[in-house]
Amino acid sequence: MEFSVEEVAALVNGTVIGDTSQSLTGISSLAEAVPGDISFLANDKYAPYLAETKASAVLVAKEQDVKNLVQIVVKDPDFAFAKVVEAFVPTVGQPEPGIHPTAVIGDGVQLGNNVAIGPYTVITNNAKIGDNSVIYPHVYIGDECEIGSDCILFPHVTIREKSIIGNRVILHSGVVCGSDGFGYASVEGVHNKIPQVGVVIIEDDVEIGANTTIDRARFGRTFIGEGTKIDNMVQVAHNAEIGAHCIIVAQSGVAGSTHIGHHTTIAGQSGISGHLQIGDFVVVAARSGVTKNIPSNTAVMGFPAQDLKSQKAKEVAMRRLPGTVSTVKELEKRLAALEAELEALKGGEA
Amino acid sequence: MEFSVEEVAALVNGTVIGDTSQSLTGISSLAEAVPGDISFLANDKYAPYLAETKASAVLVAKEQDVKNLVQIVVKDPDFAFAKVVEAFVPTVGQPEPGIHPTAVIGDGVQLGNNVAIGPYTVITNNAKIGDNSVIYPHVYIGDECEIGSDCILFPHVTIREKSIIGNRVILHSGVVCGSDGFGYASVEGVHNKIPQVGVVIIEDDVEIGANTTIDRARFGRTFIGEGTKIDNMVQVAHNAEIGAHCIIVAQSGVAGSTHIGHHTTIAGQSGISGHLQIGDFVVVAARSGVTKNIPSNTAVMGFPAQDLKSQKAKEVAMRRLPGTVSTVKELEKRLAALEAELEALKGGEA
Amino acid sequence: MEFSVEEVAALVNGTVIGDTSQSLTGISSLAEAVPGDISFLANDKYAPYLAETKASAVLVAKEQDVKNLVQIVVKDPDFAFAKVVEAFVPTVGQPEPGIHPTAVIGDGVQLGNNVAIGPYTVITNNAKIGDNSVIYPHVYIGDECEIGSDCILFPHVTIREKSIIGNRVILHSGVVCGSDGFGYASVEGVHNKIPQVGVVIIEDDVEIGANTTIDRARFGRTFIGEGTKIDNMVQVAHNAEIGAHCIIVAQSGVAGSTHIGHHTTIAGQSGISGHLQIGDFVVVAARSGVTKNIPSNTAVMGFPAQDLKSQKAKEVAMRRLPGTVSTVKELEKRLAALEAELEALKGGEA
Numbered sequence: 419m420e421f422s423v424e425e426v427a428a429l430v431n432g433t434v435i436g437d438t439s440q441s442l443t444g445i446s447s448l449a450e451a452v453p454g455d456i457s458f459l460a461n462d463k464y465a466p467y468l469a470e471t472k473a474s475a476v477l478v479a480k481e482q483d484v485k486n487l488v489q490i491v492v493k494d495p496d497f498a499f500a501k502v503v504e505a506f507v508p509t510v511g512q513p514e515p516g517i518h519p520t521a522v523i524g525d526g527v528q529l530g531n532n533v534a535i536g537p538y539t540v541i542t543n544n545a546k547i548g549d550n551s552v553i554y555p556h557v558y559i560g561d562e563c564e565i566g567s568d569c570i571l572f573p574h575v576t577i578r579e580k581s582i583i584g585n586r587v588i589l590h591s592g593v594v595c596g597s598d599g600f601g602y603a604s605v606e607g608v609h610n611k612i613p614q615v616g617v618v619i620i621e622d623d624v625e626i627g628a629n630t631t632i633d634r635a636r637f638g639r640t641f642i643g644e645g646t647k648i649d650n651m652v653q654v655a656h657n658a659e660i661g662a663h664c665i666i667v668a669q670s671g672v673a674g675s676t677h678i679g680h681h682t683t684i685a686g687q688s689g690i691s692g693h694l695q696i697g698d699f700v701v702v703a704a705r706s707g708v709t710k711n712i713p714s715n716t717a718v719m720g721f722p723a724q725d726l727k728s729q730k731a732k733e734v735a736m737r738r739l740p741g742t743v744s745t746v747k748e749l750e751k752r753l754a755a756l757e758a759e760l761e762a763l764k765g766g767e768a
Numbered sequence: 419m420e421f422s423v424e425e426v427a428a429l430v431n432g433t434v435i436g437d438t439s440q441s442l443t444g445i446s447s448l449a450e451a452v453p454g455d456i457s458f459l460a461n462d463k464y465a466p467y468l469a470e471t472k473a474s475a476v477l478v479a480k481e482q483d484v485k486n487l488v489q490i491v492v493k494d495p496d497f498a499f500a501k502v503v504e505a506f507v508p509t510v511g512q513p514e515p516g517i518h519p520t521a522v523i524g525d526g527v528q529l530g531n532n533v534a535i536g537p538y539t540v541i542t543n544n545a546k547i548g549d550n551s552v553i554y555p556h557v558y559i560g561d562e563c564e565i566g567s568d569c570i571l572f573p574h575v576t577i578r579e580k581s582i583i584g585n586r587v588i589l590h591s592g593v594v595c596g597s598d599g600f601g602y603a604s605v606e607g608v609h610n611k612i613p614q615v616g617v618v619i620i621e622d623d624v625e626i627g628a629n630t631t632i633d634r635a636r637f638g639r640t641f642i643g644e645g646t647k648i649d650n651m652v653q654v655a656h657n658a659e660i661g662a663h664c665i666i667v668a669q670s671g672v673a674g675s676t677h678i679g680h681h682t683t684i685a686g687q688s689g690i691s692g693h694l695q696i697g698d699f700v701v702v703a704a705r706s707g708v709t710k711n712i713p714s715n716t717a718v719m720g721f722p723a724q725d726l727k728s729q730k731a732k733e734v735a736m737r738r739l740p741g742t743v744s745t746v747k748e749l750e751k752r753l754a755a756l757e758a759e760l761e762a763l764k765g766g767e768a
Numbered sequence: 419m420e421f422s423v424e425e426v427a428a429l430v431n432g433t434v435i436g437d438t439s440q441s442l443t444g445i446s447s448l449a450e451a452v453p454g455d456i457s458f459l460a461n462d463k464y465a466p467y468l469a470e471t472k473a474s475a476v477l478v479a480k481e482q483d484v485k486n487l488v489q490i491v492v493k494d495p496d497f498a499f500a501k502v503v504e505a506f507v508p509t510v511g512q513p514e515p516g517i518h519p520t521a522v523i524g525d526g527v528q529l530g531n532n533v534a535i536g537p538y539t540v541i542t543n544n545a546k547i548g549d550n551s552v553i554y555p556h557v558y559i560g561d562e563c564e565i566g567s568d569c570i571l572f573p574h575v576t577i578r579e580k581s582i583i584g585n586r587v588i589l590h591s592g593v594v595c596g597s598d599g600f601g602y603a604s605v606e607g608v609h610n611k612i613p614q615v616g617v618v619i620i621e622d623d624v625e626i627g628a629n630t631t632i633d634r635a636r637f638g639r640t641f642i643g644e645g646t647k648i649d650n651m652v653q654v655a656h657n658a659e660i661g662a663h664c665i666i667v668a669q670s671g672v673a674g675s676t677h678i679g680h681h682t683t684i685a686g687q688s689g690i691s692g693h694l695q696i697g698d699f700v701v702v703a704a705r706s707g708v709t710k711n712i713p714s715n716t717a718v719m720g721f722p723a724q725d726l727k728s729q730k731a732k733e734v735a736m737r738r739l740p741g742t743v744s745t746v747k748e749l750e751k752r753l754a755a756l757e758a759e760l761e762a763l764k765g766g767e768a
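Protein chains in written order, with my numbering: chain A, 419 to 768; chain B, 419 to 768; chain C, 419 to 768.
These are computed hints drawn from the structure, not numbers from a lab. As the structure is a prediction and not an experimental result, all values here were calculated from the model. A portion of the hints provided could be inaccurate.
Note: identical chains are not told apart, hence a pair may lie in one copy or across any two.
Mimicking DSS-like on lysine-lysine, the simulated pairs with C-alpha atoms at most 30 Å apart in a straight line are [as the list claims (entries may be wrong)]:
{"no.": "1", "residue 1": "Lys747", "residue 2": "Lys727"}
{"no.": "2", "residue 1": "Lys501", "residue 2": "Lys611"}
{"no.": "3", "residue 1": "Lys463", "residue 2": "Lys730"}
{"no.": "4", "residue 1": "Lys485", "residue 2": "Lys501"}
{"no.": "5", "residue 1": "Lys480", "residue 2": "Lys751"}
{"no.": "6", "residue 1": "Lys732", "residue 2": "Lys710"}
{"no.": "7", "residue 1": "Lys710", "residue 2": "Lys727"}
{"no.": "8", "residue 1": "Lys710", "residue 2": "Lys463"}
{"no.": "9", "residue 1": "Lys463", "residue 2": "Lys493"}
{"no.": "10", "residue 1": "Lys472", "residue 2": "Lys501"}
{"no.": "11", "residue 1": "Lys493", "residue 2": "Lys611"}
{"no.": "12", "residue 1": "Lys732", "residue 2": "Lys472"}
{"no.": "13", "residue 1": "Lys472", "residue 2": "Lys611"}
{"no.": "14", "residue 1": "Lys764", "residue 2": "Lys747"}
{"no.": "15", "residue 1": "Lys472", "residue 2": "Lys485"}
{"no.": "16", "residue 1": "Lys732", "residue 2": "Lys463"}
{"no.": "17", "residue 1": "Lys747", "residue 2": "Lys730"}
{"no.": "18", "residue 1": "Lys611", "residue 2": "Lys463"}
All chains should be modelled from the sequences, with the hints used to inform the complete structure.
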């Protein structure tokens with residue numbers, strides 16, 4: 419693909435500083451760009467690269483003091499760059515609309531217009547799939563599932579029976595949606611399986627990363643709200659409810675029946691215990707273990723997770739701990755010496 | 419399905435308090451119940467919901483002081499409710515008994531009576547599968563594997579060659595059983611693969627969660643004992659042995675050659691180092707890292723994991739740590755002042 | 419298979435102590451060996467087993483003082499034993515060379531000589547696969563992927579479009595290579611997907627464990643260097659670069675854009691934050707969380723990860739912490755008593 423700087427600026431609603439006729443043929447980061455590439459500056463950390471980049475144009479949030487650099491000033495360079503990438507890079511490898519002859523489609527399945535179903539995908543009885551959804555090879559969609567329109571299900575996704583999935587949902591390879599929750603009634607040392615007869619509901623515009631697992635509810639539902647984005651290898655246990663527009667980073671886990679509000683961020687490798695209430699706009703730092711309810715608009719870190727200020731004070735104190743322990747030992751000696759001296763003084767007075 | 423209170427009471431061997439003829443048509447939690455539902459109280463935390471529930475009957479462990487509530491008193495409401503759920507909710511979406519015409523079955527494969535094999539499942543040479551087992555689509559069962567009777571293998575399960583699996587075993591989607599253990603002989607900076615030629619043995623009544631991995635042994639066996647239940651995304655490394663009736667919660671890992679006794683519980687996101695001996699009836703709290711042998715009947719937490727009492731004392735001390743550090747600094751000043759004063763006093767005496 | 423001690427010694431370039439004509443028919447660990455087995459001693463921890471082993475020969479690094487034990491002295495018993503295992507245990511269950519009639523092969527796919535492709539594998543347009551590579555059933559290889567020669571891809575591997583994979587690479591079941599990186603531009607509380615149009619490059623002799631995920635780059639590449647071995651359920655995020663001959667143990671994660679040198683070891687359940695530089699020959703202990711750049715030849719542990727000495731001092735101090743807190747409280751009392759006494763003394767003098 420080839421675009422002029424002017425065409426790109428129009429696409430992203432930006433203002434050009436420099437030559438608008440320059441031809442752009444590729445996309446890249448500032449450090450790796452070659453002539454013809456368009457790049458972007460979203461993080462000031464990378465500003466030093468501007469002076470040396472070979473990019474032919476750079477998306478920026480405000481004019482940068484760099485000579486001879488063609489700049490396109492936009493509100494949000496990250497977001498603008500995403501649009502540019504879509505224009506430059508055509509999607510490859512998607513199954514074509516239509517049903518591959520090897521797909522196995524059960525009784526009563528309803529398929530929307532323009533659906534693409536790849537080889538060896540299995541869709542069992544009474545499932546529904548909306549318009550324009552793309553189902554890659556080797557996907558399994560169980561009985562009575564509902565998948566909305568404009569979804570993308572990558573190879574090796576498993577959707578167990580009765581799951582309900584909204585529109586524009588993206589499920590990456592190896593996602594398991596609707597596996598049984600982990601529940602047993604233990605009687606005299608034997609763990610008896612508690613049937614998990616609830617469902618999974620995933621709202622519109624959710625994206626779920628590779629090999630993530632979302633268990634079906636014991637009864638009722640496990641729920642992922644609109645616009646929430648979940649990374650790879652995240653565990654969402656039965657009856658968990660996650661609100662809209664959350665971010666959950668890789669290898670985190672949400673235990674059973676925990677409810678999380680909207681716009682909450684859980685950084686990587688964190689865990690949230692079961693049966694908790696986590697508010698809106700909460701931030702859980704990486705590798706935290708949350709063991710208590712967290713009110714809205716709070717940032718927590720550590721294990722057990724505390725508010726940032728307490729946790730940071732604890733970490734500073736811990737770093738100094740070996741020194742503190744030595745100081746205490748020394749104080750103990752000096753105090754004993756003082757006590758002895760004072761005893762001696764008093765004796766002298768007696 | 420529809421049952422009377424009396425019929426349900428008979429099913430769970432319970433005693434009815436209230437109207438036994440009431441008709442029951444669904445199941446639910448106390449909070450979400452609608453008229454016609456049966457619910458249960460297993461955790462006293464939820465007792466306040468009894469006064470407001472719309473459930474038409476509730477399974478309880480002892481009579482509750484709530485007016486006009488139809489109660490069925492049973493020994494274990496959790497276990498009883500599981501039985502009720504099975505009666506109310508028919509299983510949907512299982513492949514029918516028989517071999518789907520698209521399944522690929524190798525030479526010398528032995529299939530029991532009433533086995534169900536879904537589309538696109540591949541069973542290679544000399545594997546055996548017992549009576550009534552249900553194999554969903556897209557399952558891979560390798561050479562010389564033995565699967566018992568009444569098992570359920572969900573879509574996208576992989577069983578590598580020579581694995582031996584007992585009766586009534588449930589393997590959820592994405593389980594990988596028998597992948598190579600992680601072993602290398604490093605010579606001059608190059609890691610040479612050590613062949614992993616052992617097997618995986620899984621005993622009767624084991625359930626393994628979605629995307630969990632059980633590596634085959636270097637030689638000998640990796641072993642999961644009878645009745646043990648493993649949650650999603652758990653890693654069991656080569657030559658690990660896990661005893662009977664254990665519970666291992668999501669995202670935990672057991673490193674190579676560690677042996678775990680029976681009735682041991684490992685809570686979520688924990689790790690057990692390699693070559694350890696963990697006893698029977700051990701409890702490892704969530705997010706613990708176990709680095710030493712643990713005797714039977716012990717509860718441990720933290721990293722490195724300690725007994726509960728030591729770890730809790732440590733946590734309390736840590737929470738107070740910033741205060742303690744300030745106190746030490748202040749003590750240091752006061753001590754220096756005292757020392758100076760005493761020196762002055764002694765000078766005055768001289 | 420059956421070999422004489424002499425034949426095995428020749429295979430591993432070892433020196434026999436004892437009867438060279440003894441016949442060997444199996445392989446085992448020292449503890450589990452039966453007569454006819456060959457075993458090995460790689461870790462001195464297991465030396466006490468030598469006196470009791472029933473093995474008919476043992477690979478050792480130096481002569482052991484055990485009577486009547488046939489010993490084969492080699493430089494590296496672990497490595498030597500791996501060679502012996504290969505000789506004794508034939509590979510079973512691999513698909514035969516040739517393309518299974520059910521495999522779906524796209525347009526323009528180039529297959530080398532002697533390639534084996536199992537049932538229901540899907541290879542889409544313009545992918546290339548080198549000589550002798552073995553592709554198990556249920557593998558997905560996307561458009562324009564390049565797979566080298568002598569590779570093994572186990573069942574249920576997903577390779578998304580444009581991934582480039584070297585020679586002698588082993589990918590275990592459930593590996594997802596080339597899934598979209600986790601990147602969004604958040605505008606007014608809505609997370610807009612940033613297209614991930616880069617690739618994954620995996621060099622020669624890499625092995626990747628079951629259910630591990632390697633995300634494709636935002637643009638540019640995610641990179642795994644020659645000879646690096648990655649265990650099960652490891653997350654490698656977009657634009658991460660991992661050098662040659664590294665070891666990454668199960669359930670660890672490497673966040674986006676972090677660069678790791680060569681010969682670095684990351685033990686199990688660790689996490690490395692994004693945008694870091696980790697050097698060569700670094701060792702990250704198990705369950706560490708690395709939040710800063712790490713220079714080469716450094717060992718770190720803990721969270722936040724510190725050098726071993728600091729971290730161990732911290733752990734010792736933490737273990738003593740409850741005692742230290744008590745000591746501080748006691749010192750406070752004794753100091754107050756001293757201050758009072760001194761005041762009294764001074765008063766007495768006045």
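Of all the hints given earlier, name the ones this structure violates by number, lowest first. 5 and 12
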